[in-house]
Every structure is written in C-alpha cells, then in structure tokens.
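J.: When you get a sec, could you build the whole thing from the sequences and use the hints?
Residue numbers (this note's numbering), protein chains in the order written: chain A, 1235 to 1559; chain F, 1235 to 1559; chain Z, 98 to 422; chain V, 98 to 422.
Calculated directly from the structure, the hints in this document are not laboratory data.
By construction, the Cβ of each residue, glycine as well, lies at the ideal position given by its N, Cα and C atoms.
Careful: at least some of the hints might be erroneous.
Claimed, not checked - Computed, partial: chain A to chain V, Cβ under 7 Å: (1) Ile1249; (2) Ala1253; (3) Ser1257; (4) Asp1264; (5) Glu1267; (6) Thr1357; (7) Ala1360; (8) His1363.
As the list claims (entries may be wrong) - Quick look at which bits of chain V chain Z covers, simulated, 3 or more residues with Cβ under 8 Å: (9) 246–253; (10) 287–299.
What the hints assert, rightly or not - The calculated SDA-like cross-link candidates involving lysine to any residue, where the alpha carbons are at most 25 Å apart (straight line), are: (11) Lys265(Z) - Glu327(Z); (12) Lys1485(A) - Arg1518(F); (13) Lys1449(A) - Asn1528(A); (14) Lys1276(F) - Asp353(Z); (15) Lys1276(F) - Asp350(Z); (16) Lys1276(A) - Lys1419(A); (17) Lys1449(F) - Asp350(Z); (18) Lys1276(A) - Glu285(V); (19) Lys1449(A) - Asp1459(A); (20) Lys1419(A) - Glu1250(A); (21) Lys265(V) - His284(Z); (22) Lys1408(F) - Pro349(Z); (23) Lys1408(F) - Met346(Z); (24) Lys265(V) - Arg1281(F); (25) Lys1485(F) - Ser1553(F); (26) Lys1408(A) - Phe135(V).
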Amino acid sequence: MREASYVKALNEALIEEMARDESVFLIGEDLVELGGGSGATKGLAERFGAHRVRQTPLSEAAFVGLAVGAAMTGLRPVVEIMYVDFVTVCMDQIINQAAKLRYMSGGQFTIPLVIRSQGGGGTSEAAQHSQSPEAWFAHTPGLKVVMPATAADAKGLLKSAIRDDNPVVFLEHKLLYATKGEVPKGEYLIPLGQAEVKRPGHDVTLVATSLMVHKSLAAAETIADEISVEVIDPRTLVPLDIDCINASVRKTGRLLVVQEACTRGGFGSEIVRRVTEECFDSLRSAPKVLGGANLPMPFSHPLETACIPQEETIIEAISSLLAPP
Amino acid sequence: MREASYVKALNEALIEEMARDESVFLIGEDLVELGGGSGATKGLAERFGAHRVRQTPLSEAAFVGLAVGAAMTGLRPVVEIMYVDFVTVCMDQIINQAAKLRYMSGGQFTIPLVIRSQGGGGTSEAAQHSQSPEAWFAHTPGLKVVMPATAADAKGLLKSAIRDDNPVVFLEHKLLYATKGEVPKGEYLIPLGQAEVKRPGHDVTLVATSLMVHKSLAAAETIADEISVEVIDPRTLVPLDIDCINASVRKTGRLLVVQEACTRGGFGSEIVRRVTEECFDSLRSAPKVLGGANLPMPFSHPLETACIPQEETIIEAISSLLAPP
Amino acid sequence: MKIAPDRLREMLRLMYRIRAFECRARQLFEENRLRGSFMGALHSYEGEEAVAVGACVALRSDDYILSTHRGHGHCIAKGVDVRFMMAELLGKETGISKGRGGSMHMFNPALGLLGGNGIVGGGIPLALGPAFSAQYRHTDQVTVCFFGDGAACQGNFHESLNLASVWKLPVVYICENNQYAVTTPAHESIAVANVADRAAGYGCPGEVVDGGDVLAVYTAVTKAVQRARESAGPTLLECKTYRYQAHCMVIPDRRDPEELARWREEHDPIYHFEQYLLDRHIMDEAQQSELNEQVHETVEEAVTFAEASPLPNPNTVVEHLWAED
Amino acid sequence: MKIAPDRLREMLRLMYRIRAFECRARQLFEENRLRGSFMGALHSYEGEEAVAVGACVALRSDDYILSTHRGHGHCIAKGVDVRFMMAELLGKETGISKGRGGSMHMFNPALGLLGGNGIVGGGIPLALGPAFSAQYRHTDQVTVCFFGDGAACQGNFHESLNLASVWKLPVVYICENNQYAVTTPAHESIAVANVADRAAGYGCPGEVVDGGDVLAVYTAVTKAVQRARESAGPTLLECKTYRYQAHCMVIPDRRDPEELARWREEHDPIYHFEQYLLDRHIMDEAQQSELNEQVHETVEEAVTFAEASPLPNPNTVVEHLWAED
Ligand SMILES: Cc1ncc(C[n+]2csc(CCOP(=O)(O)OP(=O)(O)O)c2C)c(N)n1
Ligand SMILES: Cc1ncc(C[n+]2csc(CCOP(=O)(O)OP(=O)(O)O)c2C)c(N)n1
Ligand SMILES: [Mg+2]
Ligand SMILES: [Mg+2]
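T.: Pasting the structure below:
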C-alpha cells in the first residue's frame, strides 16, 4: 500500500487491465498528449501504442457507437466522454444500443464496454459542465452504474468494470482526481454491487455518493460528539447493495441520502423508496434526501456553493432527522 | 361537451392555439400527410398553411435545435418527436439548451417551447419504441413535464403547455390516442401543476400516470367492494401537485404509485420520497411503487405483458398495502 | 465481372426468398391483426431485393452487416434461416432473438449479422465498431452498413463517414435510397441530388448505383469490399430503389400510384434479373419454376415451424439481460 | 469592396479591444487562481480577432449571432459592453448573465447575441432557429453561427447545413478553423483538406477564407449575408486561423512553438491590418496610439467596474429559472 491520487489510481487500473488483456483499448478525445479530460490516460499511448489508445475527432456519437460495435465483436472498449454533460450528444448509442442490444438479441451478444466520464460541480464551469446525471443511467435497464469516491475504490472498481461483460457507466468526479488515499498495488478488485461502510455509527444512516462521501464524512466527524453517523457509500448504483443500507437503517432507524445531483428525481429518491419499502417498521423518522438544488448549475461561486450540499447543510440535515417533530 | 378521442382533443388544442396566436407553429417528421406519428397534426397544414406546419428531414437534433432557437426569438414552436425513444438523438437540444438557456442568460430569454412525443408500450414494438423516460426530464431543472391520461386533459393541458413561457415536455401514450372521453369545446385550460382526483376513496391513495390511470381505475372498480381506492393523476410531474397527493395520503395512510416506466429510479420513487418526508406520521404502511420491469421492453406479447403493470398486478399491489405484515 | 452461373442462380433464389417471405409476413400480419393479436411494426423490403442480395453475395460469411428497421432482406441475403425469422415475427421462443427482438431486431453472430435497428441511422455509428475491430485484430473482415435516405439526414452519418475515412476503416456504407422516409420525399429532405455526392466531403469514393440491378449492386459492392479489405478505407454507395409497400403495415400509402406502377413495371429487380438469366440461358424456365417452388416451400415450412413453436414463458422474461445470467 | 475609413478604424478598434480584453482576463484568471478563487474555464480568442470582427461588422445590430465556448471575441465584435462581460467573468451580479452564465454563456437579446455554448457545436442547430424565425416573421434578419474545426465533426453540423439548405434559411455558418480541437490537430480529425469543401454536399456555397485578414472575412461574410437576406439560403465559410494561447487557461500548450511563432509573426491579424491602414493613410500613428489607449482605458474601466460590483446574493439563486418568476 502507498498513497496515490484518484487519477493515478485510474491510470494504474487502465495500465494493469491493458497489460492483462489485449482486447482492452481506450477511445475518446485528447487521450494521448493530454491524457483525456482528467489525465487518467496519460502515458498509455507511449506504453501500449497508439492503436490501443485511440484519440478521436470530436464525434461522440461516432466513437461511442464504434465502441459498442467493437464490444459486440469481442473487444473490450473503455470509452472516455470528456465531461458527462456531453453524453447528451451520444445518448442513443448508450441508451438505445449498448443497454439494449444483448437483451434484444436474446442474449446472443455481450457488450463488455466501459464508459468513463467526469461529473459534478464546484469548479465554476456552469450549467453545461457540472451535471450529475447518474439517475438517467440507473433508470436504463441494461446499464451498470459505478461512482467511486476514493482512490482505492477508483482502482478496484475500474478494474472490475473493465472485466465485466456488461456495459458499465463509470462516473468520476472532477474534484476527486487530485485527492489522495491508500491504493493497493497490483491486482485489486472490488466487486460491482458491494457498498462500503466508510464510517460506522448508530444514530443515523447516511448514504452518500462520489464527492458527497467526503463531505459527509467531514460532517459526521464534526458532529461525532453529539450524533453517531454511519456513512455508507454504495459505490455502484446498479447493482445496488441495498442489503448493506437496509442493515444499517434497521440499526439506526434513520436515513439521510446525500447526493450532488439535483434532488428532484435523483437516485436518492430510489434509495428512499427501497429502504422505506423494505425497512418501514424500523424507521424512526422520515428518510430524507439532501441533494443539489433543482437548478442548472450557476457559474458564480457563491451561487454554485448554494446549489451543492456542503458540510454545514449536511450537518443541518442530519440534525433535522433527530429533531423532535 | 361531446365525446372525442384523445388524438382529436390534441388536434383541437393545436387548431385553437394556432388560430389564437400566429407565433405558434408545428415542426417535426411527417406532420402533413400522415399528421405525425399519431395523426394529431392532421389537416393542420391545409388549414394554416405549410409555413406553419413544418415537415422536416429525419434530423431531430436539427429541428429541435431550430425550435429552441426560434423560441429564443419570440416564436412558440410545438415540436413533435415521433416516438419519445428517439429523444436520445436530440437530448442535447433539450437538456443542455432548452432547459438551461433561460437560467444561464440570467433570465434574458424565454423559451416558450412544447416538445410533444408518444411513449409507452403494449403494442409489441420492442425496446426502442416502448419507453417511458419521463423521469429523465423531471430530473432536468428547467423543464416542465406533462402526461395527460384522458382526452379532456390532453386538450386542456396542451393548450396550457403552448401558452406556457417555459419549455414543456408533453408525453402522450400510444395506447391512449384512440380512447374517447368528454372533451369541452373551445377554450378549456387546465393549469400545469394541478393534479386531479380521478376517483375518490379512503383506504389507499393510488397515484398513477398516463395509461396507468385507466388500468388503476379499472383495478379500483374491480375491488371497490373490499377496498376503497382514491386514484389521483398528477397530470404534470413538474410542477408536481404534491399537496393534493399529501392530502389524500394523510386521509388514507397508504400510498401506491403505478407507473409504466421501469421501477428503478422512476418518478414513482420521487413521489414516494416526497410523501414519506412530508406525511411520515400519517403512513400506516410502507409506500410502494408498482412500475414496469427493469428490462428493455421485450417484443413478444406475453413477455411485454409481463413487463407492464396490469389490472391484476395493480390489485395485488393494492391488497399487499393492506395485508397484515 | 464474371460470375459463376450457380452463384447467379443463388442470387435469384435469395431475391425470390425475400419477396416470398415478405408477402407471407404481410399476410400473417393481416390475419393476426384481424384476430386482434399484435405483431408490432412490419416494414416490407419488397422492391428492394436487389440491394441486399447484390451486397451480401459480395461478402464472406465472416464479414459483418448492420441492418435497419426494414431489415428482413438483409438477414435473408446474409444467409439467415427463415424459420427463425418467421418465428421471431410471431414472437416465439424459437425466434432468432428468442422473441425479445421482433422484426426490427434480428441478430446472428455466426453470420456476422449485428442486428437491425429501431432507431433510424442507429446502425451507422455501430458499424464503425466491427470495422475497427477487424482492423484491431488484423483480420481482413469487412463491414457493410445499410441505411435509408432518411437515415442519411441523421448527424451520425456525418460523424461516422468522417471517422471511417480518417481511420481508413474497412466499412462499406450502402444508402438504400427508396425515395421516401415514411411520407417525406427524399428531395424534400436532402439538399443535393445524390447522397453519394457527399462522399467527396469525406475523401472517400461515392457512387450512385441502380438499386434495381442486382449485378450492378454486386459489382459496386465487390469493388468497395476489395478496397476495404486492402485497408484503403470506406466507400459510400447509394442504391436508388423503391419500396412496393407502404412504409409499414399500419401506415396508409398515399404515394402516386402511377409512380409505383412505373417502378414495378420498369424496374422490378426480380423480373429484370429473371429475364437476364433466361436470355443468357443461365437458367431455363424449368429451373426457374423449381427455384420458385423451393422458395415457397421454404417459406411455408418457416410458417409451419413458427406457428408450431411455443411462445416464451413470461417467467423467463428477465433472462438475457445481463451477461452473467 | 469599398469600405469607409471610419468603419475600417472601427474594425481595428474592435480587434484591439478583443485582444486587450483577453489579455486582461487571462491576468485576472492567474491572479485569482493564485488566490484560490475559481473563474471556471477561460478560452482565449487572441489570434482569431479578424474572424469575429470581419463577420460582425458585416451585420446589422438586429442580426443574430450564435457564439461558442471561445466567444468573447464574438460578443465584443457584436457590440457588447465589456464592463458587463468582465463582471460576468468575475461572477458578479452586474455581469451580462447576472453571474449565472460565466465565460461560455454570454447573452444579449438587444444585440442579437443568442449565447455562447459549453457544448461544442451546440450553437449549430440553434442557429437554425433565429434564421427560421426571420423567415417566418418576414424580416430580413440574418443569423451568423460561429463554430470550430472540432465542432465541424459533430453530427449536428450535417443535419443543420442540410436543413438550412433545403429550407433556404438565412444563416451564415462560419467555421473558425484554428487547426486544433484542444490537442487534436484538425488534419487528424477531418477527412478532407477544407471544411468548406463540404458545402457542395449541401448544395450551398462554401469558401475558404484567410481568417487572419479582417477584410477578406468582411468581404466573404458580406456576400454571404447578402445572399441570405435575399432568401437564397445558407453559406459555409471556413476561416483559417490560429489561437495564440493554450486551449484554455488550465491546459498546457504543447503545440510546436515554431508553428505558433510563425503564425504570430507572419499572420497576426492585428499587425497585418494596422500596417494596411497605416500604409494607405487611413490611420496615422497618432490615431493608432489614441485607439490603443482608448481601448486599454475601456478594458481597465471594465475591470474596475467588475471588481467593484457585488457578488450575487445566494438567496437569489433560484431566480431566473422559470419565466413566471
Ligand atoms: C431517430 C429516428 N427518428 C424517427 C424514426 C421513425 N421512423 C421510422 S422509419 C422512418 C423513415 C426512415 O426512412 P429511411 O431511412 O429512408 O428508410 P426506409 O423506411 O425508407 O427504408 C422514420 C421517420 C425512428 N425510428 N428513428
Ligand atoms: C460535445 C462536446 N464534446 C467535447 C467538449 C470538450 N471540449 C471543449 S472545447 C473542445 C475543442 C473544441 O474545438 P474547436 O471546435 O476546434 O474549437 P476551438 O476550441 O479550437 O476554438 C472540446 C473537445 C465539449 N465541450 N462538448
Ligand atoms: Mg427511405
Ligand atoms: Mg479549433
């Protein structure tokens, strides 16, 4: 074990999987010199050759389509969409093709495809560069959805995603790339569908994803003397490790979901639905979602800050769960 | 009042609004001779001239983009996307442009735009012609989302949508076009954001959308002797008339949401989240969503039937809410 | 181009088979409709047989094709057993896609059939995938992508032709210009006389071909395939053709009856080719009758097989979604 | 083409203003970055001034433009007050988009500025809207749509050029080919030598223009605008140009320094035009200095204004989403 950044962990996962399996190739914009939007693919063209690191024209529909078709014929493409906001120009290839081809063919094809992208706000890049649309993908049968919050998870989950025989949407967060953590060297796999209790606790179950895991952990730490918060990161939304969440809620009786995506219709609502249905009798107060504002992300920093859950608003939300009605 | 079909009601709404306001025009594929995918625009080119009923090349991104830009400069476009499944090829124009332009411009532009389309399954058209993706739009701040279930609602809501100064996604259901109901002649407006209690009851609150309203009403009727079901159609998902739903749940203590969209991450989860948070103490059993299977829609009729809530499965779901645990 | 007599007769057999299959499928659709049982949408390939046959006979069985919503002809020409196609149309478990896909979604990996598509133009970017895959794996397989005049107006046409050209991918794009997209004439949709003229904008060869002349198609495709196998990049062929039936089974045909009659009388691809073979004594009338009978037998057998086959068990509906299943 | 001296000097002033604005914005970005305060992404237009100025000076103030992510030059050339632009960059309430938009999202309805775009190519289909709107309302307003060489690889380029041509919309498409999309050279992205050559595929005029020569741009755009005003349809102009800075402020520039030096020395649009005006005695050196000073004053005033302006109040964050607000 040694410290590594989230982006380095991604890079390592790519290197290991490309070395392990010749059918893995990378495709996307500016992958070579720039290393893609985050730097995750840096050095890979030198290492594995330009034929395995395919820098494309600015044509997402074409190269995502290419990846889907390549997966149908036995390759294992790892696509990068520079920002997940741009997925709107290649939705068809993901929603109507990648997600459905196996089922529509009666199981005759497998689509071992990973679509990596970065989401999230906090960098004043405004409404078209700050979205968190994981709920769209989670609502599309046939796609797996992964959202790593730590460097180690980034590595372990990306390796598993690449080995998975199904299309996986792998959503990174732009403010996580530089964050560091312990990352196991070499072979390290985290199965898709396995949540992690990032902090144990007994008063409140807090389920958080991506960057919100860190803000939630900070909030939990700050109020640790008053309230004991169990922080769970599902890590993958599809498949969802609902058992882990349910077990915690049965213990605490309280649920808060913290997500950066706007609250209305976000994946938090789905977690609330599942937990409410499956743990109704254990609930001591109403489950709650603290999510982003129901607004396009504004540019100006104070406005943007107001749209994203922050440590203080998370603490408030936790407290409100325990407040007498 | 007289009987008219849902598609006729839509046609009437278009005629009235086009006659009322010269800035209203229609744009989409095969609008003239065919009357669009459903026949809703039939006869309008003859009536208002080809310049107001614009039949396009098969280029959704271009003509939806055109409509957004036209709305920015004062026109009131009503776009038809033949099936809502095809929205994947013009998502950018809806999600990143129409929904966000007003906010990003600091309120300098209004986007009075209606995007009509048809969703839903039940016609053996398989996975790319049967989707119900309303949750995507409801999760996109800046869009209103309307789903009429009856002919009268279709007319009253479409007229309001056309007069609304915001982008409205207006989702019809392919199995509703031929259904008939009483439709007021002439001026008839239903405000966006107003639910309707389609059947009063006191044991269970059942919230249903689109075609599911009818299946739910049938189910409610069938079990009327044993269980009194209040059926509510929100009619618009954004804005959502949560007050109407909450009032009912406070009375019945039980909530079932029935939607055709696949259950995972559907709008039903959002309704459950709201109701659970706002009516927790009134709930006598766990709220439940009965939705479509988490599958691409299969082609074969028995498989398709198994994927969509039916009267029997709705009755089961209602009963399960009242069953002793 | 010298073609062996066997092969020529085989081409005629395939054309007969397509026509017979389509006629019979229409009949079944009508019968089922009267019985109230859905078969979804059915897009007849009658009149366009020379395109699929001319193209597919120029391919090896390990070459790939991407088909369309009007895809039965492509499947038959690529060698698919019509029993499984007919069973699919009837939604049977023995269908080519196990009843999950239906008319628009037929697949056969062993024959390189990578599927039809319900999204117009959906196959255009997918086709880059097998082409890339062949290049990546250093095989000399070629991919043929069929699409319509309507599809030529989709943005992914542009992205894909360009990318294929820049990367010299072994793909042949075949536009089946049957003059209409549903009710919209190509000349109201396409700003230039020939889709093929656009090849110049992608630095690849483009050619207009008489889509009613199977030998012309065969010759043009053979040349394009040769070019692709030699790593010289893509070709865009535009086959001018005409469909004999309405856009699909549920849409009324309002095209000029004289126009249709003219195509049928002057350009029928089957009649034209029959005469050619008879005139040159490659086939005599006895052989012709035999061919005809065999084909009808094959198709009748398919109907018998399909009708005798079981419908899928609804309990198996979730099968074939995930690769782990 | 005969152009009045005043107008020529005005063109130089605008070019100076763009360059001065961009330099100052970069400085501010650097200062802010060191202070840890985000300004989002900043894409400099330095080196490309002749394109925006040559194009916008050929327009009336009621003509429309669609800008890009690299849009400051377009805004200034269309007549926007740089104070509001600078305030926007600093995220201030007085900003042109009230701090909601930022660098990529500047709008001004009165000047026909319909916005930049964070989605590459996002403006291409939008531009059809104002063009259609002018045609519909029987005004003779023209729309100019700027986009890059990267954007030319997006599918909506194809859809939009085709639709504009079929409907003879009054729109001028101007490709600012600055040779790169982030780090990807245009010749690795675009299968032909000139984007303008693709006009032939849409039956409209296409022309390569020296984007470093403001008069060449002005002349070409004037002609295209004339054509559009006369209802003769669209034109595609490709202005060959070069950006002096890295793609944006956070991305390292690894282009060949000699290549950059060559463009700067041999093709600088401002130097080139200064010499032209001096040589022809349209401007003397005193006038030149005065112009220069005025421009710097204007830009400094803008900085003062922006810095003195208040940040938006987070409590107002929801304002400007809905038209009813
Ligand atoms: C993206 C998309 N838009 C619209 C449709 C509806 N639709 C189905 S077939 C068709 C016409 C296709 O025309 P063309 O490509 O010429 O093929 P043809 O039917 O003539 O063989 C349309 C508009 C669709 N399936 N997909
Ligand atoms: C659809 C989309 N894909 C990718 C990006 C990321 N991106 C922003 S600018 C850019 C390059 C644009 O190149 P070009 O169109 O030539 O404009 P330039 O930056 O050279 O002015 C890219 C890839 C984006 N914003 N939108
Ligand atoms: Mg056609
Ligand atoms: Mg560029």
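J.: Would you mind marking each hint as holding or not holding in the structure?
T.: Results of checking the hints against the structure:
Violation of the interface hint for Ile1249(A) is found here, the shortest Cβ-Cβ separation to chain V being roughly 21 Å, above the 7 Å cut-off. Interface hint status for Ala1253(A): violated, as the beta-carbon distance to the closest one in chain V is roughly 25 Å, over 7 Å. At its closest, the beta carbon of Ser1257(A) sits 24 Å from a beta carbon of chain V; the interface hint therefore is violated under the 7 Å criterion. Given hint, Asp1264(A) at the interface with chain V, holds; its Cβ is 5 Å from that chain's nearest Cβ, closer than 7 Å.
Using the Cβ-Cβ criterion of 7 Å, the hint placing Glu1267(A) at the interface with chain V is satisfied: the shortest such distance is roughly 5 Å. Checking Thr1357(A) against chain V by beta carbon gives a least distance of about 6 Å; that is within 7 Å, so the hint holds. A distance limit of 7 Å between C-beta atoms decides the matter here; for Ala1360(A) the minimum to chain V is near 5 Å, and the interface restraint holds. For His1363(A), the shortest C-beta to C-beta distance to chain V is roughly 5 Å, which falls under 7 Å, so the interface hint holds.
Evaluation of the coverage hint for the region 246–253 of chain V: fulfilled, as 4 residues show C-beta separations to chain Z shorter than 8 Å, against a requirement of three. With 8 residues having a Cβ less than 8 Å from any Cβ of chain Z, the region 287–299 of chain V passes the three-residue criterion, so the hint holds. Proposed proximity of Lys265(Z) and Glu327(Z) is supported: the alpha carbons are some 10 Å apart, at most 25 Å. At roughly 21 Å between alpha-carbon atoms, Lys1485(A) and Arg1518(F) fall within 25 Å of each other, so this suggested pair holds.
Restraint check for Lys1449(A) and Asn1528(A): the C-alpha separation of about 20 Å stays at or below 25 Å, so the hint holds. Distance hint between Lys1276(F) and Asp353(Z) is fulfilled; the C-alpha atoms sit about 19 Å from each other, no more than 25 Å. For a cut-off of 25 Å, the pair hint linking Lys1276(F) to Asp350(Z) stands: about 15 Å separates their Cα positions. For a cut-off of 25 Å, the pair hint linking Lys1276(A) to Lys1419(A) stands: about 18 Å separates their Cα positions.
At roughly 34 Å between alpha-carbon atoms, Lys1449(F) and Asp350(Z) are farther apart than 25 Å, so this suggested pair is violated. Between Lys1276(A) and Glu285(V) the alpha-carbon distance is near 19 Å, which keeps this suggested pair within the 25 Å criterion. Only pairs whose Cα atoms come within 25 Å are accepted, and Lys1449(A) paired with Asp1459(A) is accepted, the gap being roughly 17 Å. For the suggested pair Lys1419(A) and Glu1250(A), the alpha carbons sit about 10 Å apart, so the restraint of at most 25 Å is met.
Distance hint between Lys265(V) and His284(Z) is fulfilled; the C-alpha atoms sit about 14 Å from each other, no more than 25 Å. At most 25 Å may separate the alpha-carbon atoms for a hinted pair to count; Lys1408(F) and Pro349(Z) meet this at roughly 18 Å. Only pairs whose Cα atoms come within 25 Å are accepted, and Lys1408(F) paired with Met346(Z) is accepted, the gap being roughly 16 Å. For the hint pairing Lys265(V) with Arg1281(F), the CA-to-CA distance comes to about 23 Å; that is within 25 Å, so the pair holds.
Taking the CA atoms of Lys1485(F) and Ser1553(F), the gap is near 18 Å; set against the 25 Å cutoff, the hint holds. For a cut-off of 25 Å, the pair hint linking Lys1408(A) to Phe135(V) stands: about 14 Å separates their Cα positions.
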